[in-house]
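Participant: Each chain is listed here by its residues.
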Amino acid sequence: MTAPLVTEQAIEIIYLISATLFILSLKWLSAPATARRGVFAGEIGMILAIGATLLYRGIVDYKWIVIGLVLGTIIGIPLGRVHMTAVPQRTALSHAFGALCVALVGTSEYYLRAPDVPKFMMSVLSMEVILGSLTFTGSLMAAGKLQEILPQRPITYKGQNLVNIGLLAVAVAVAVYLVMHPGDKILFPLLIVIPLLFGVLMIIPIGGADMPTVISLLNSYAGLSAAAMGFVLDSKLLIVAGALDGSSGFILSVIMSKAMNRSFTNVLFGAFGQVQVSAAAAQEARPVRTATAEEAAAILGASNAVVIVPGYGMAVAQAQHKVRELYDALTKRGVDVKFAIHPVAGRMPGHMNVLLAEADIPYDKLLDMDAINPEFPQTDVALVIGANDVTNPAARNDPHSPIYGMPILDVDKARTVMVIKRGMSPGFAGIDNELYYLDKTLMLFGDARAVVGDLVKQLGGEGHG
Amino acid sequence: MTSDLITSLYVAMLAAFVGFEIIHRVSPLLHTPLMSLTNALDAIAVVGAIILVGEAKSGLATALGTIAIVAATSNLVGGFMITDRMLKMFKASSKPKKP
Chain A
0 MTAPLVTEQA IEIIYLISAT LFILSLKWLS APATARRGVF AGEIGMILAI
50 GATLLYRGIV DYKWIVIGLV LGTIIGIPLG RVHMTAVPQR TALSHAFGAL
100 CVALVGTSEY YLRAPDVPKF MMSVLSMEVI LGSLTFTGSL MAAGKLQEIL
150 PQRPITYKGQ NLVNIGLLAV AVAVAVYLVM HPGDKILFPL LIVIPLLFGV
200 LMIIPIGGAD MPTVISLLNS YAGLSAAAMG FVLDSKLLIV AGALDGSSGF
250 ILSVIMSKAM NRSFTNVLFG AFGQVQVSAA AAQEARPVRT ATAEEAAAIL
300 GASNAVVIVP GYGMAVAQAQ HKVRELYDAL TKRGVDVKFA IHPVAGRMPG
350 HMNVLLAEAD IPYDKLLDMD AINPEFPQTD VALVIGANDV TNPAARNDPH
400 SPIYGMPILD VDKARTVMVI KRGMSPGFAG IDNELYYLDK TLMLFGDARA
450 VVGDLVKQLG GEGHG
Chain B
0 MTSDLITSLY VAMLAAFVGF EIIHRVSPLL HTPLMSLTNA LDAIAVVGAI
50 ILVGEAKSGL ATALGTIAIV AATSNLVGGF MITDRMLKMF KASSKPKKP
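So the protein lines, in turn, are chains A and B. Residues 0 to 464 in numbering that gives the first Met the number 0 are what the first sequence spells out, letter by letter. Residues 0 to 98 in numbering that gives the first Met the number 0 are what the second sequence spells out, letter by letter.
Looking at chain A on its own, in the form it has when it is part of the complex:
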């Protein structure tokens, strides 16, 4: 009986090669020059692993496997072709799918094995199903909010955190009981239903601006649940992939929470939306300076160094292609144009970079916060397009401000500041932005795409291409 044994070992070796390719894949992703090679390595690793699995001699029926693979491909192709502005919700949806797969496999494994489940196995299995279920509904909710099917406004009520933590505690208690008595099959559905509910409740208080952190966190949960599944199935490949995904999500969550000045425990317990601050009601209309597109274009055209600060407003207005035209028009006049990207600008990590890259803006012009901040004092014009709180100097100056301590782009240090904005409404934190009242600040009111279009017209940058 050596033949099956040989196949078994061959499969294990192929899995090892796949795991290596996965690690290389992420390693190559570190720089734009090698990144596409990284995707290729990942694809090869995936094809090898699936191919090897299909050789597994325990498989007696291929019908449903083929149906599943074909259906999945049919659903996957349109998901790979979504518009770049829809990437945040697509990402949330894929976290939901990943978590669904893990939770379903975990559930099946339990019913196949119970009551004969060792304690450690039952613990990881519970973790797999709990994390998988809550990530599933949580990610669906996040996708719904991002797609604006669900209200984006955070919904909060008294004792919200207590209810959430209580629910999770009940789920964990059931898990502990099942570890002791794995035969009580009747309790197992609670491990699915409670986390499903928890996932919904966890996302209800989340506002749009918190999405980068939440998506990263859900990413991390999805990875952790996959790693747990690896333990249940004794698949080292799955453990490696899950651990990579989990640590990636974890790192991104930490970066995002730092960029929003939230403590990490604050993030871990999902207590996001509670910065619904005492939005100072007594806000008399303070004077701001406005400018026409003509005046603004004249200043932009006469400057040497311009830094553009994009935010979610640019994504909403789909202004990235107009911004590219502005970039072209200014560059043609010899103006040095750079982009300042705050880590939490937009709705997911790296959101702005993808939109600007889509508009063909060279990536070496996209600078992150630490790289661009020292340059603002030498900048003639900082042009803020649809960004708000990440430019508020109160984060630096005003210890009473709810966003005090949050790292910001030092836009106010530029010689002139221009802000393109729909109106004077405050940002997500409900706080006024001091930036708008500075003497050097010019407000350009209107839709981001229209205003940038006007600037381009004034600069005579239209009519080519």
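Incorrect hints may have been included.
As the list claims (entries may be wrong) - Below, a list of computed lysine-lysine pairs in the BS3-like style, where the Cα atoms sit at most 25 Å apart:
#1 A:Lys456 - A:Lys364
#2 A:Lys331 - A:Lys456
#3 B:Lys90 - A:Lys26
#4 B:Lys87 - A:Lys337
Keep in mind the hints are simulated off the structure, nothing from the lab.
Position chain B against the provided structure of chain A, taking the given hints into account.
Facilitator: Chain B only, in chain A's frame:
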């Protein structure tokens, strides 16, 4: 605990460290593709679902497993596709001028 389990724990621990080291080096520029790529790689869970369905041990396992295969495969296909599409868009500025 079996020695197999201990080995798995070592694998998890090492993989987490490798993950931290590698992912810290990913430029913030590429954080969105990073997330879609790790998501696609995570779809390796399909391997577990394939075995579950293939062994056909119970109707429940086949039904849930098939849905799991669909979910993971769509992530796999869509995830790699969109990651590659995004990365194709990132260009350096030292490109030849358009005619």
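Participant: With reference to the structure, classify each hint as holding or not holding.
Facilitator: Structure-based check of each hint:
1. Note on Lys456 of chain A and Lys364 of chain A: the hinted pairing holds, with a Cα-Cα distance of about 23 Å set against a maximum of 25 Å.
2. For the given pair, Lys331 of chain A sits about 14 Å from Lys456 of chain A by alpha-carbon distance, which is consistent with the 25 Å threshold.
3. Between Lys90 of chain B and Lys26 of chain A, the direct Cα distance comes to roughly 19 Å. Compliance with the 25 Å bound is thereby established for this hinted pair.
4. For the hint linking Lys87 of chain B to Lys337 of chain A, the alpha-carbon distance of about 21 Å falls within 25 Å, and the restraint holds.
Violated hints are absent here; each numbered hint is respected by the structure.
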